[in-house]
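Could you put the whole structure together from the sequences, leaning on the hints where they help?
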Amino acid sequence: MSSTGFIDLDRITRRFTSIPPFTQRLLKRLGGFAASPTVVYAVEGVSLSLAHGETLGLVGESGCGKSTLGRVAAGILPATAGNATVAGEAVMVDGRKTTTRIQMVFQDPYASLNPRMRIGETIAEGPVSHGMITKAQSASDVNRWLNAVGLDASAAQRFPHQFSGGQRQRVAIARALAMRPDALVCDEPVASLDVSIQAQIINLFLSLRRELNLTMLFISHDLSVVRHVSDRVAIMYLGRIVELGPTERIFTAPRHPYTRALLDSAPRLAADGAPMQDIQPIRGELPSPIHPPPGCAFHQRCAYAQERCRTELPALRATGKSDQAACHFPLGGP
Amino acid sequence: MNPVLLRVRDLKAEFVTRAGVARAVDGVSFDVHAGEIVGLVGESGCGKSVTGYSILGLIDAPGRIAGGSVQLDGQELIGMPHQQLRALRGRRIAMVFQDPMSTLNPVLTVSAQMNMAIQSHRRCEAAQMRQHALSALAKVGIPDPERRLMAYPHELSGGMRQRVAIAIAFLHQPALVICDEPTTALDVSIQAQILVEMKTLVREAGISLIWISHDLATVSVLASRLLVMYAGRLIEEGPTEEVLRRPRHPYTQGLIDSLPSRAKPGQDLVQIPGSAPPLGELPLGCAFRDRCQFASSVCFTAPAQTVDHQRSWRCHHPLNVGGPVRLADAGQ
Numbered sequence: 008m009s010s011t012g013f014i015d016l017d018r019i020t021r022r023f024t025s026i027p028p029f030t031q032r033l034l035k036r037l038g039g040f041a042a043s044p045t046v047v048y049a050v051e052g053v054s055l056s057l058a059h060g061e062t063l064g065l066v067g068e069s070g071c072g073k074s075t076l077g078r079v080a081a082g083i084l085p086a087t088a089g090n091a092t093v094a095g096e097a098v099m100v101d102g103r104k105t106t107t108r109i110q111m112v113f114q115d116p117y118a119s120l121n122p123r124m125r126i127g128e129t130i131a132e133g134p135v136s137h138g139m140i141t142k143a144q145s146a147s148d149v150n151r152w153l154n155a156v157g158l159d160a161s162a163a164q165r166f167p168h169q170f171s172g173g174q175r176q177r178v179a180i181a182r183a184l185a186m187r188p189d190a191l192v193c194d195e196p197v198a199s200l201d202v203s204i205q206a207q208i209i210n211l212f213l214s215l216r217r218e219l220n221l222t223m224l225f226i227s228h229d230l231s232v233v234r235h236v237s238d239r240v241a242i243m244y245l246g247r248i249v250e251l252g253p254t255e256r257i258f259t260a261p262r263h264p265y266t267r268a269l270l271d272s273a274p275r276l277a278a279d280g281a282p283m284q285d286i287q288p289i290r291g292e293l294p295s296p297i298h299p300p301p302g303c304a305f306h307q308r309c310a311y312a313q314e315r316c317r318t319e320l321p322a323l324r325a326t327g328k329s330d331q332a333a334c335h336f337p338l339g340g341p
Numbered sequence: 259m260n261p262v263l264l265r266v267r268d269l270k271a272e273f274v275t276r277a278g279v280a281r282a283v284d285g286v287s288f289d290v291h292a293g294e295i296v297g298l299v300g301e302s303g304c305g306k307s308v309t310g311y312s313i314l315g316l317i318d319a320p321g322r323i324a325g326g327s328v329q330l331d332g333q334e335l336i337g338m339p340h341q342q343l344r345a346l347r348g349r350r351i352a353m354v355f356q357d358p359m360s361t362l363n364p365v366l367t368v369s370a371q372m373n374m375a376i377q378s379h380r381r382c383e384a385a386q387m388r389q390h391a392l393s394a395l396a397k398v399g400i401p402d403p404e405r406r407l408m409a410y411p412h413e414l415s416g417g418m419r420q421r422v423a424i425a426i427a428f429l430h431q432p433a434l435v436i437c438d439e440p441t442t443a444l445d446v447s448i449q450a451q452i453l454v455e456m457k458t459l460v461r462e463a464g465i466s467l468i469w470i471s472h473d474l475a476t477v478s479v480l481a482s483r484l485l486v487m488y489a490g491r492l493i494e495e496g497p498t499e500e501v502l503r504r505p506r507h508p509y510t511q512g513l514i515d516s517l518p519s520r521a522k523p524g525q526d527l528v529q530i531p532g533s534a535p536p537l538g539e540l541p542l543g544c545a546f547r548d549r550c551q552f553a554s555s556v557c558f559t560a561p562a563q564t565v566d567h568q569r570s571w572r573c574h575h576p577l578n579v580g581g582p583v584r585l586a587d588a589g590q
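Protein sequences, first through last, are from chains V and P. Residue numbering for the first sequence follows the numbering used here, beginning at 8 and increasing consecutively. Residue numbering for the second sequence follows the numbering used here, beginning at 259 and increasing consecutively.
It should be emphasised that the hints constitute simulated quantities derived from the structure, not laboratory data. On a predicted model such as this, the values are computed, not experimentally measured, just so you know. The beta carbon of each residue, even a glycine, is placed where N, CA and C say it ideally should be.
Which bits of chain P does chain V cover? Going by a derived footprint, with three or more residues having C-beta under 8 Å, they are:
| no. | region |
| --- | --- |
| 1 | 438-449 |
| 2 | 474-480 |
| 3 | 492-503 |
| 4 | 506-516 |
Computed list of chain V residues with no C-beta within reach of chain P, every gap over 12 Å:
| no. | residue |
| --- | --- |
| 5 | Gln31 |
| 6 | Ile83 |
| 7 | Ala143 |
Right under this line is the structure:
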């Protein structure tokens with residue numbers, strides 16, 4: 008893939024290898040029985056390219072590797088193979104993050120804020136230690152970012168436990184913004200919030216994106232949230248991207264059977280408020296990323312699977328001008 | 259309509275804390291008819307779960323039931339001696355909780371836990387018990403139940419664990435099952451499977467269900483009637499489709515409008531300003547007052563319940579009453 012994007016993920020692979028248990032290691036020493044370590048294939052050769060100012064929604068069920076991919080993109084987790092760059096700069100070199108251009112907002116603002124640090128300290132810590140601002144400037148800087156996320160300046164003196172979930176998520180966003188990033192990775196930033204608060208935070212993201220021209224990788228399992236905020240959507244299944252395309256096309260005319268199945272299984276309300284009672288569940292469960300099935304990873308659950316799907320892994324290839332799908336038999340014809 | 263199975267009247271539950279008394283449930287009244295699925299919706303802290311727990315008598319200190327009545331088949335549950343209540347729980351009323359990892363015992367096999375549940379209400383031979391457990395697991399869509407019976411909870415996926423919890427709740431064919439956000443922790447595809455299974459299960463057995471959830475869309479798949487709670491009070495009630503299409507309470511309207519699926523992509527969502535008041539310091543009058551665009555001076559007095567046909571609401575300025583439907587006005 009050409010590296011013309013602002014955020015470029017080039018054939019990212021991330022595997023997690025477990026250390027064999029003590030007894031197995033001992034046996035290996037004593038008798039030479041080779042114990043094979045367990046390998047989790049979290050992300051397998053994923054390439055993505057985000058244009059400057061674009062928001063890409065990354066959708067998938069738990070264990071599909073979307074958070075792992077997000078962490079690699081944000082430079083929190085080194086990739087086993089492949090390169091992640093932001094504006095041509097490598098995000099990580101030798102396992103150390105080398106850019107501040109990309110920052111991350113996490114799902115759980117209860118776990119991602121240090122409970123013993125005042126909000127002001129939390130927000131100023133990054134920019135001060137990176138020399139972006141001096142300690143003397145930190146108060147006014149903190150003020151600015153609190154203001155940007157819709158919090159009162161007095162919040163700086165308080166501790167995380169004094170805030171509600173929605174307010175904490177605002178603090179977490181302010182902390183990310185204080186690093187003056189060009190890009191944000193948001194990992195399920197509204198999943199733990201109530202509906203009315205969720206709407207407030209989504210609106211905040213929309214306005215920040217407009218004002219700061221942020222490029223965003225927006226990870227979520229919630230299809231309606233992703234549809235609302237994203238320009239393009241990538242659907243992940245068991246470590247690979249199975250479909251990629253403009254948001255409305257993905258939601259109205261999906262090409263991959265998994266995308267179709269996901270849309271059909273999500274409860275939603277019609278435009279006039281009528282409940283949709285006809286959800287169609289996908290059969291079966293997500294296969295294990297430790298033993299991924301041969302061929303197309305979705306074939307055991309796919310209504311259209313044929314012999315070829317059981318043996319041959321479908322590559323992600325163009326199905327239209329700006330669309331890609333990894334399916335031997337894409338919906339709506341090849 | 260079927261006869262009333264559960265009658266809740268003016269139920270009050272409170273928690274005594276150092277900061278004061280938090281009125282988690284503040285005078286909630288509703289009925290559940292036999293074979294009916296009722297959705298109890300609201301945001302965190304609105305008292306929906308505490309309502310569910312109160313029905314089963316599962317409120318421990320510092321919480322207490324401060325008043326009201328809960329009748330199952332005409333039998334009063336509030337103040338019922340502990341022994342009698344135990345005999346009812348699991349047999350006549352059962353509960354499914356949000357997180358199956360913390361409701362199932364991690365050191366016992368599925369079979370051991372199911373046997374315990376069976377034996378607590380019935381004397382049973384081992385072989386009979388096994389048959390009973392197997393058929394209960396098969397009914398909730400667990401493939402290969404023989405093998406799962408010997409499994410420990412950690413060996414099962416999240417969806418399978420929740421199915422086991424549901425199977426246990428349905429073991430004794432209870433009259434009423436209270437489900438507290440049972441699919442919230444699950445993936446969309448697994449949630450859809452469980453919703454569909456639940457629907458058939460309940461329909462076949464004629465069991466009544468109270469489905470507690472914060473997710474309007476999910477509840478609407480199952481429930482024929484919705485109860486909406488805010489700050490410990492029931493603020494709106496009615497048939498699901500009616501409530502969703504023509505909400506009476508501005509809070510319900512706000513909840514529906516703030517769903518991303520209701521807005522044009524990329525445009526700002528309708529948001530309810532502010533957040534719910536802490537239960538310890540509820541304002542007098544309508545608790546939604548400070549967040550409501552229609553609030554006026556009359557909202558400083560608590561709105562009484564208005565009942566109209568199958569619907570009821572507590573609001574001084576109800577929406578969609580009489581005149582044309584709001585959404586039709588908007589040209590949708």
